[in-house]
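Chains as they are written, first to last, in our numbering: chain D, 1 to 343; chain A, 344 to 582.
Since the hints were made in silico from the structure, they are not lab data.
Incorrect hints may have been included.
Listed below are the simulated DMTMM-like cross-link pairs for lysine to aspartate or glutamate, each with C-alpha atoms no more than 25 angstroms apart in a straight line [unchecked claim]: (1) D:K195 with A:E362; (2) A:K567 with D:E141; (3) A:K488 with A:D365; (4) D:K195 with D:D289; (5) A:K488 with A:E448; (6) A:K553 with A:D365; (7) A:K553 with A:E573; (8) A:K345 with D:D228; (9) A:K345 with A:D370; (10) A:K553 with A:E468; (11) D:K195 with D:D176; (12) A:K488 with D:D228; (13) D:K195 with A:E359; (14) A:K345 with A:E412; (15) A:K553 with A:D445; (16) A:K345 with D:D289; (17) A:K488 with A:E447; (18) A:K345 with D:D291; (19) D:K195 with D:D291; (20) A:K345 with A:D365; (21) A:K345 with A:E359; (22) D:K195 with A:E363; (23) A:K345 with A:D550; (24) D:K208 with D:D77.
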Amino acid sequence: MTLEVISTGPMLSIQDQGRSGLRHFGVSAAGPMDAPSLALANALCGNSTTAAGLEFAGVGGRFRADHPIHFAVTGGDCEIKVGDRLRPTRECHRLEPGEDLQIGFLRGATWGYLAIAGGIDVPEVLNARATHLRFGLGGHEGRVLKAGDRLPLGPPPEEQTCLRALPSMSGSSHRDGPIRIVLGPQDGYFSDYVKARLTEEAFTITPKRDRMATVLEGPPLPAERGHDIVSDGTIAGAIQVPGSGQPMVLMAEAQTTGGYPKIATVISSDLPRLAQMVTGTQFRFAVVDRDAAEEIAIEEAARLDRMLRNLAVKADRVLSSDYLLSCDLIGGFSCPEQITGDD
Amino acid sequence: MKPTFHPLGDRALVVEFSEEVDVAANDHVIALGASFQATPVSGVTEVVPTYRSLQILYDPIQLRGAALEAEIRSRLTSIELTERPARRWRVPVAYGGEIGLDLEELAEMKGMTTAELIELHSSAEYRVFMIGFAPGFAYLGGVPKALHTPRLPQPRQAIPAGAIGLGGQQASINSVPGPSGWRFLGWTPWRAFDPNRPRPFLFEAGDRVKFMPVSIEEAREIAKRIAAGEDIARPDDTP
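One chain only, chain D, in its complex shape (with noise of 0.2 angstroms):
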């Protein structure tokens, strides 16, 4: 089975979960910009958290599959298209072979996920499939995927669920509030005032952003111990204020080690926000201390799980005789789709 990418955008790559446990060898997890948002478009098809998907950045794209698929679109609002039908996104749809599938523009989001029942079988590389574009690594080739490219896909679960978000469901309970951080590990670096600076002003998204950093406007952030140390760790969501003292926060694929002095990291459940806000946006930031941050990790770590643990069976409709047919043919399937014959 595979599906082939007909034409995309100029950011469409495989992603699963991400690497761990090699940063000691210098490989960052790389993995989704939106970890909830992938993890919930595998779940409304069936698959479990590990299975690799697409992540696409502003444009999804059209694709075709040589088999019938299920296929769930999650990350932002776009028009999502099946031949000439449309359909709404954080739902599990089925689309025959032959048929398009046409995924828009993401409004008010960044990055989307295209989910595939049973995930896109690449192999793995270092214990995972996700692409590191920056050293091309895993993925397909270590590359983006452009058209033509013909991704192989795993075989879908034996019992093909077809699941749907009620609008009600959000992988975060802050939506719309501050992006929290907790100060270090160099704030040591920066006065008081400059560090004040980072909660009572504003700052915008910029243009500079890519799945290794985001590069933000706002007041300038001199380090009055300088904007050079010798190099530690990074991880994701860490704020690196570069000699030029505009900030940068790091992403999916940053660097293991940086020699820029880190004056605040964004919490956890905070950094898939930052991702997908749209280039321009403005906001605050605000400061929490490290074991409210781990509070919140844990409290969103359960929200996300209850949520995917209560998604809804899409509703049943009028049997179809295809579906009463294939109760003949095939155990098993429970995908409403296939009873009602709608898709």
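With the hints as your guide, set chain A onto chain D.
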């Protein structure tokens, strides 16, 4: 040596032994890191040695930062620093040539012949302070003072893997092709990083490295054997 603790968000802790490049601090970093391999702590997901601090990643659902700090404090009282056996590597280098494009200019800058420069560079023993920047990229300390060299004002775009570099007070064995503002003296046929090998990464923090001059023909022969799958890039037998 008493470290300071610095949170790096809600999933990582920095245990800092020094703000400078310091062999004693790096010894502590590596010893503390090794203690997590010998006696793992549930909830610790990754341990990353750097020049002067140990970065510890954890899952706050299983382990809180404050509890991790307490665990490290108690570990530090019992850590053995003395005579840890380090792996020693003798890395073959073809000096000069297309990749070691800065050899002659550097010799001239230092008022040496290229032979003297090669002798100095290959007689020192280097320490792998950390792996970072790129997969398998080894930051080497222990560069003889006479070889300390400022970086280029403009980075070059395409430095190949295996290039042997000097940048400031540091030396490198480049692991992946890419841009670099360092100066390059030669090329090793060894691959510090190869994702298709059973052990994809050659070096790790704490290793010791010496460079062994070989001719370009010898280097190419070694490259051929490695490409054919021979596992010849190995450390010396450790005691």
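Going down the list of hints, with the structure as the test:
no.: 1; hint: D:K195 with A:E362; result: holds, 21 angstroms
no.: 2; hint: A:K567 with D:E141; result: holds, 24 angstroms
no.: 3; hint: A:K488 with A:D365; result: holds, 15 angstroms
no.: 4; hint: D:K195 with D:D289; result: holds, 14 angstroms
no.: 5; hint: A:K488 with A:E448; result: holds, 17 angstroms
no.: 6; hint: A:K553 with A:D365; result: holds, 20 angstroms
no.: 7; hint: A:K553 with A:E573; result: holds, 21 angstroms
no.: 8; hint: A:K345 with D:D228; result: holds, 23 angstroms
no.: 9; hint: A:K345 with A:D370; result: holds, 13 angstroms
no.: 10; hint: A:K553 with A:E468; result: holds, 5 angstroms
no.: 11; hint: D:K195 with D:D176; result: holds, 23 angstroms
no.: 12; hint: A:K488 with D:D228; result: holds, 21 angstroms
no.: 13; hint: D:K195 with A:E359; result: holds, 21 angstroms
no.: 14; hint: A:K345 with A:E412; result: holds, 13 angstroms
no.: 15; hint: A:K553 with A:D445; result: holds, 20 angstroms
no.: 16; hint: A:K345 with D:D289; result: holds, 23 angstroms
no.: 17; hint: A:K488 with A:E447; result: holds, 18 angstroms
no.: 18; hint: A:K345 with D:D291; result: holds, 23 angstroms
no.: 19; hint: D:K195 with D:D291; result: holds, 20 angstroms
no.: 20; hint: A:K345 with A:D365; result: holds, 14 angstroms
no.: 21; hint: A:K345 with A:E359; result: holds, 9 angstroms
no.: 22; hint: D:K195 with A:E363; result: holds, 24 angstroms
no.: 23; hint: A:K345 with A:D550; result: holds, 24 angstroms
no.: 24; hint: D:K208 with D:D77; result: holds, 23 angstroms
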